[in-house]
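Undergrad: Heads up: the sequence lines are chains A and B, in that order.
Per this note's numbering, the first sequence runs over residues 1 to 476.
Per this note's numbering, the second sequence runs over residues 477 to 914.
Keep in mind that the hints were calculated from the coordinates and are not lab data.
Treat each hint with caution, since some may be false.
Said to hold, decoys possible - The calculated SDA-like cross-link candidates involving lysine to any residue, where the alpha carbons are at most 25 Å apart (straight line), are:
1) B:K910 to A:I391
2) B:K910 to A:K458
3) B:K796 to A:G359
4) A:K235 to B:N596
5) A:K341 to B:P824
6) B:K910 to A:K235
7) A:K341 to B:A826
8) A:K302 to A:R242
9) A:K458 to B:T579
10) A:K302 to B:L903
11) A:K458 to B:A826
12) A:K341 to B:A571
13) A:K235 to B:T579
14) A:K341 to B:L618
Unchecked claim - With beta-carbon atoms standing in for the labels, derived distance ranges:
15) A:S152 to B:G573: 41 to 51 Å
16) A:L254 to B:T821: 31 to 41 Å
17) B:E905 to A:T118: 28 to 38 Å
18) B:N520 to A:Q85: 27 to 37 Å
What the hints assert, rightly or not - Chain B stretches covered by chain A per the calculated footprint, using a threshold of three residues with CB under 8 Å from any CB of chain A:
19) 566–580
20) 766–774
21) 779–793
22) 808–815
23) 823–834
24) 872–883
As the structure is a computational prediction, the values presented were derived from the model and not from experiment.
Think of the CB as a built atom: it goes at the ideal place given N, C-alpha and C, for glycine as much as any other residue.
Each chain is listed here by its residues.
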Amino acid sequence: MTPHTPRRARWGALVMLAGALALSLGAGALEAREKDKKKGKDAADTPTLVAKKEAEGVFPSTYRPYPGIATAIRGATIFDGRGGQIDNGVVFMSGGKIVAVGGPDTPIPADIAVLDGTGKFVTPGIIDIHSHLGDYPTPAVQAHSDGNEATSPTTPEVWAEHSVWPQDPGFTRALANGGVTSLQILPGSANLMGGRSVTLKNVPARTVQGMKFPGAPYGFKMACGENPKRVYGGKGRMPSTRMGNFAVNRATWLAAIDYANNKEAKRDLAKETLVGVLKGEILVHNHCYRADEMALVLDMAKEMGYKVSTFHHAVEAYKIGDLLRENDVCSAIWADWYGFKMESYDGILENAAFLQREGACVVIHSDDANDIQRLNQEARKAQKAGQRLGIDIPDGVAIQWITYNPAKAMGIAEMTGSLEPGKMADVVLWNGHPLSVYSRPEKVWIDGALMFDATNPKLRPVSDFELGQPGEGDVK
Amino acid sequence: MKRLLAAALSSCALALAAAPALAQDVTITNARLVIGDGSEPIANGTVVVRGGSVVYAGPAGGAPAAGETVDAAGAWVTPGLFATVTTLGLADVSAVGESNDITARSAPFSAALDAAAIINPASQHILVHRAAGITRAATTTLPSGSIFAGQGALIDLDGDGQAVMQPRAFQMVALGEGGAELAGGSRVAAHVLLRAALREAEALVGRTGTPQTTEIARGDDLFLGRFDAEALVPVVTGRQKLYVAAERAADIRAVLAIKRDFPRLDLVLVGASEGWLVADAIAAAGVPVIANGLTDLPESFEQLGATQSNAGRLARAGVKVAINAGSLQDPRRLQQVAGNLVALTRVPGASGMSWGAAFAAISSVPAEISGLGGKAGVLKPGALGDVVIWDGDPLEVGSVPTRVYIGGVKQDLTNHQTRLRDRYLDLDESDRPKAFDW
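In isolation and in its complexed conformation, chain A is listed as follows (with noise of 0.2 Å):
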């Protein structure tokens, strides 16, 4: 081989790239041609034509729960996602649902699967509110940047689940390292409204569809601050301040309003988005670091008729507990990021101890494809930091923060994110405590399917990308 191979060998890619696409440019005005021939022969009983209405499904789940097999875990200690604690308890999935959960005593079948849960703990499966995973994949090259739809202010057209790319390597580490079964994958920050979000299971599919959580709702992304203001400041356009941010999104939800109470309107992809946020279907998860920003939030959400969700970022949120708490919002939040932006130099590893403290609702969320592996460790931090000063956080409440919160803020509570009868059988059996640095997810299941086991190298994922590529199959 000379040493121009690679070169050369790197333009006659381009050339064959070129090629190709001239070639379906080519294919695609042929068709175009042959439809407009038949259109123009058949106009007369061409019937109206009608895109299908969201309500009527689009983009609609293709998820079924993998086949699993009844299990009952003895002898663990048991956090339930509620906050509560079972010393050598029992839980029971069968059919891909939680049948039963309690202390030693609560009767199970004879004839299932029981695994000796003594010295290892069970959780719901962790739950990330705010994670890029598919959106923003590995590896993060430029021709995976499908995160922000950065060219206006205002994109709530668009739907994060049209950018994840299923084969994204982190899903898989999420799993095995993190016991995340769910997540919810959001826009970036650019925007003031970056588009809508999908919440996932984290199951392992060919397409994104494959991975979509069965009925659960929508989420908008917002986001305050300096993101949105630096992003089109920086290209001379509106906002370029933080009053130029209120101002805009104000204007929009008018324009919203408008189009609601329209009956002859076109139909506008941006507003359905807006519309199905005010009338309460699509909940909004708005990234804002500053307390001064969210209290303004919940005025202008007063203003316009909607509801704020979440917080995400949230590093000042512990000065307004109890705004928060009055408001009823979540704040996602990390347990100690600081310091890396100008609205983020006020974080304090306080933060969720101190929302606690109120009695407003904490979520630990990553917001990132190495922290999402160890939201548990990440709890524990904010856990910790509370009970120095002596606030009262009990275990069972800091792996609350991490499943059921999440689960109730993300619209899905009544499926999953805690261990209650009836529910989907997403748990996790830890080889340790799961608040400690030193424990892992020994066993995922899924809707009561085994997707991970730490015991057996091959109930391990492995995403196409990684295939014959150095490390397929490792321990990661």
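Mind docking chain B on chain A? Use the hints.
TA: Using the frame of chain A, we list chain B on its own:
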């Protein structure tokens, strides 16, 4: 007027901060004592610090007490953590450009950059990390205008106005994808640039002045000027360590090969996500690694083989491994990474480290790699009196120091974050706004 006042106040603060606190003698008893050299903890241990240095650390009763006696009441007592590679003291808020000295993309210098000149010992990041038990660190600018990062310094975190222990302790260079981009778009260019730069430096050995090629530039991009070439003389003569950032197995092999042409180089690998694939070659070359601890995603094509077991597998092959603070959200997460390495010993098929080895990977080993072997990150006679008393297992998440000594001086652990914490212990503003609560 306001501005004058502010200037006067800040000069006051400077004077206060610059006054060196006196090291006090101290004896810490009843400790769950960690030496930091890889050994397992000692129950009922004692540490004696005299004149700013450790004179004894071991089982109780092994040495006479000195100075104040502190009963640790069974708490964990360790050497201060050593963080490498960091940017501590070089930025207030990384996204606020005015406050950020970490990169100098538009500067006409690269290898000549010298972090020691401007490190801010009063940086909140230094105060926050001191309160997290980090007492010493290697800190440096990062590659931006060229493949060379500049010369990093070794610092202490005691905030006495004199952070720099050793200026120009190491040079760092980026190869791999990062270096390729900076060198003009190819790894090939990065390798030529590095070798060309080292040749220019060789030509300058024993003298200063103009190298053979006065500069290596393309348009407005100066990749190497005469001052940069001069700054590389200690590197090419092996008097200053050369940290090389590389991730892919092939890139690591290429780094090891450079030493054949420049045998005096004192190499250290940084990152090395795929190091485990070439662990034997690294061990045979005797090159230590400042490894990404928990990176397990193919974040780039040079990290396809990334796994959390990397550090453990390298160590098992006989490589000296420290954990790279630069791969973390913040260096204070070093304890969490080390804890996770211990966790891996219980995961089938994974490689981790024993508790003692994991602790050493964030204390004595990075200190040794930095040239402070026996001085920092370890409690042995003659070592610096950096001692931390913890409220729990120091590798467990959420554990924090209750007391930190640096060079025998008890440290103030307050900072912007602790002050905010104290202000917001409650939200009561019934008498006055929070602004009066300080």
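Undergrad: Quick one: which hint numbers does this structure break? Sort them smallest to largest.
TA: Of the numbered hints given earlier, those the structure breaks are 2, 3, 4, 5, 6, 7, 9, 15, 16 and 17, listed in rising order.
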